[in-house]
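Using the supplied hints, reconstruct the complex from the two chains, each of which is provided in its own coordinate frame.
Listed in order, the protein sequences are those of chains A and B. For the record, in the first sequence the residue sitting at position 46 is 46 according to UniProt numbering, with numbers rising by one throughout. For the record, in the second sequence the residue sitting at position 222 is 222 according to UniProt numbering, with numbers rising by one throughout.
If you're looking for bench data, these hints aren't it; they were derived computationally from the structure. We treat Cβ as the ideally placed atom computed from N, Cα and C, and that holds for glycine. The reader is advised that the hints may include incorrect statements.
Unchecked claim - Simulated restraints, written as ranges between beta carbons of each label pair:
#: 1; chain 1: B; residue 1: HIS86; chain 2: A; residue 2: LEU225; range: 52 to 60 Å
#: 2; chain 1: B; residue 1: GLY250; chain 2: A; residue 2: ARG158; range: 50 to 58 Å
#: 3; chain 1: B; residue 1: ASP255; chain 2: A; residue 2: ARG158; range: 48 to 56 Å
#: 4; chain 1: B; residue 1: GLN96; chain 2: A; residue 2: TYR89; range: 47 to 55 Å
#: 5; chain 1: A; residue 1: ARG158; chain 2: B; residue 2: PRO134; range: 19 to 27 Å
#: 6; chain 1: A; residue 1: PRO152; chain 2: B; residue 2: HIS86; range: 12 to 20 Å
#: 7; chain 1: A; residue 1: ARG106; chain 2: B; residue 2: LEU131; range: 55 to 63 Å
#: 8; chain 1: B; residue 1: GLY150; chain 2: A; residue 2: ARG158; range: 42 to 50 Å
#: 9; chain 1: B; residue 1: GLY55; chain 2: A; residue 2: LEU58; range: 28 to 36 Å
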Amino acid sequence: MTGLLDSLGLAQSAELLSLSPPGWGRNLLRGLSHSLQIAFGAYALGLVIGLFGAYGKLYGGKVTRDLLAIYTTVIRAVPELVLILILYYVGSDIINKISAAMGGGRVEINGVAAGIWVLGIVQGAYATEILRGAIQAVPLGQIEAAKSYGMPAIMTMRRVTIPAMMSFAVPGLANLWLIATKDTALLAVVGFNELTLETRQAASSTRAYFTFFLAAGFLYLMVTLFSGVIFARIEKWARRGQPSLTGAGR
Amino acid sequence: MDTAKAVANSDEASLNQEAIKVEDLHKSFGQLEVLKGVSLTACKGDVVAIIGGSGSGKSTMLRCINFLETPSSGKITIGGELVEMHADGSPSNRRQIERIRTRLAMVFQQFNLWTHRSLLENVIEVPVHVLKVPKSQAIVRAHELLERVGLGDKADTYPAYLSGGQQQRAAIARALAVDPSVMLFDEPTSALDPELVGEVLTVIRDLAAEGRTMLLVTHEMKFAREVANHVVYLYEGRIEEQGPPAEVFGNPKSDRLKQFLSSVA
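Next up, chain B with everything else stripped away, as it sits in the complex (with noise of 0.2 Å):
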């Protein structure tokens, strides 16, 4: 399959509507490629699940798009509005990454939350001292996102008290706290014991339901299924297949990918 070929609705009237556009990303670590050239696009609403093998180029891809990871080549459009890279691939305006890093709200694997940090002091920080939003309004907008992820009684824990349940329900309020476009998840459920994935997934799929944009690493397939409307299949760095969940896993035209699910199954 063209791996230069975009999502499906990609029409004159949704092209203002393109949250993120991935072009022919090329991405190397020394002699090792691990995305030989990947491109994507996710609309306004959409909710993307990006499946894989370990080593497939699932997280880097989703790590090039906020430029956690530099990338070799390609171009990146956030929003409308082409990231200008230097010749390696680093970000050349500073203030330009840092603006539109704060529209993409990631979520760790690891939750990666501030550990000297209670969850409040965690959800406030970036809205109040990146954003500089008034402290009282961000307080506010916190204690209404814990309670809603469903960590109303506790604001003042520090995250190494939580479960890692807990805590990456608490890293999803940080991301929500920013208001942003678009929510990268980073296989939001693999560091958790298995009885803990259901809070996070509940969690996500109400986020999927209220029509957020969302790029999603994960292993959860029968998750991928039901929340997104598009995924993406990637094979050592290249997406193999694509296309609505019912046709990708229903009717998987690849041996790769047939295989890929009879393995995960």
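Chain A on its own, in the form it takes in the complex (with noise of 0.2 Å):
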């Protein structure tokens, strides 16, 4: 093996990236916990405010319906790392201009918490439209049926709605946590130690830029292959009861 590298000249890329130091493997393994915790965290609040936007869009009053289109459209026309840069300070300027009100001293804003709050009312935007989207294209005699057998609302919404709409929602949703996992990477914008900034940190220490972002984009190819794994199994069984089209797709 230390042959193997030697020759290929890869033996002080290998010294850099292991994890005891004076390697940097451990800090770019810690990146990687930071940025799935805000990835995970982001993601659950984004599908709960999905959730109860595409019904808010869907069922609720004029007033709602108006709220939430502001809040879908806004949020998705303005980039992300704006989004963040905005969220982020106005957030923890707001946080701070509470505590100093209620006599508090300056409060330390969580990284991790900070991120999934901002991440999340981002997601939550684009899974609005998805689960719209997945809404509507339950056929409606499912809705009726269960309707008709005197379930009440919530119950449809659990036992029917939301299990019918899976498989319109499923590929959308995989999209949005591919995405949610990179999104974390513009977090380093604030000075959150997630993965990038790790890498960063490491690359300029040493100056072997090229050995640490390959290794964390091989990182990110990791997460994003394993995801790939457990949403084909999520979409196989978001789709039981449905014949799948031969040949396309697995």
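Here is the structure:
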């Protein structure tokens, strides 16, 4: 192994990436772990916002629908990087003002929590649209059947609408998850030590930019591939009962 | 003919036997008035066939009975219980309408089975989750019902893998699973290929023979004549003629009914 790395001229890279000092591997993995925590949290928050948003857009009153239209339009119109800067600084400013008003001191903003909130609000706008479309794609007759057998509205949503819309929603939601994993990199601009920032620190300390960014790229790729496997399973489950088109997809 | 005229056998003794009573039902979609004051009574054990041309309001009438459509005005009494309505016709007591709906089982033209659930899951869904029947008990019953409609070996199959006739028979099993006091059939064979109609009609015929109360919107005149004990002919939102099938089909009085019968024969 060592001989092979030597012959390829990679011994130095291997040393830089090793998990124990002077290697930076542990830092990269810590960054990855932070990135995934934020991605998970933001995705979950986004799904909750999205579900309420979709129902609000479909069945809400005029005011609800207008407010949601503003939310989804604005969030989807402004670049994520700008939103993150706005939400992060405005958010921490508000929290500090509230704290000061209540006689407290400066509040240290938890990076993970802030990241989850900021990205979750962004994800929620996209999830709202994905779920709204999926709910509308559910054949009305299936919801009508539930209604005609005396199912209350919430039970209809839980037992019929949501399971039936899943097959329409999963491809879009899988995309959204991958976007969530990569949007975490944007949090580097507010100084949060997720994978990209850890990578940049390691790279600039050692001048081995190529090695570290390639390694980070590899980690992002692994996350994507693993996610692909998971979502393929989820999609298969969501599509239960639907004959597949022969030869199309797997 | 007087549209407010109730079905013949409404003497004192049968009053508490009234399964469904519709009084002066109106329904408009915007400017279009689809039902212009329909009254109808079905007693326990009655099989009422509702016939009429397309756009005559027969499906709308059926759908108003369980409030899938909101009536514009009128009174609906199910099993002696008047459905509480707002001024706009929508049910005002959510719990009441949900409870009443569980006693009215509807069979749809497009089957409307839940496609993400197997036939067994479709049949136990309402008993288990709405009526709170123990699951094991519901499963035993569901197998019996699927057996009865000739789908005993398809319990674990998903609807999409079945023919229309099989799906409709499964939908009838789903309806029977709630042990309904009235079954509402909304053109149950209209979406089926001709060769599949017979198998569904056979199941419905058996249900009629065992004395189930049914309202049946249908285009199958021969079948209506055979299974119904009362036939209602709707024309442009009004009851044009009604009576025993032998009368309505054998000796139609109104010209419109004569014309309708000759056009569908």
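Sort out which numbered hints this structure fails and list those numbers smallest first.
Those not satisfied come down to hint 8.
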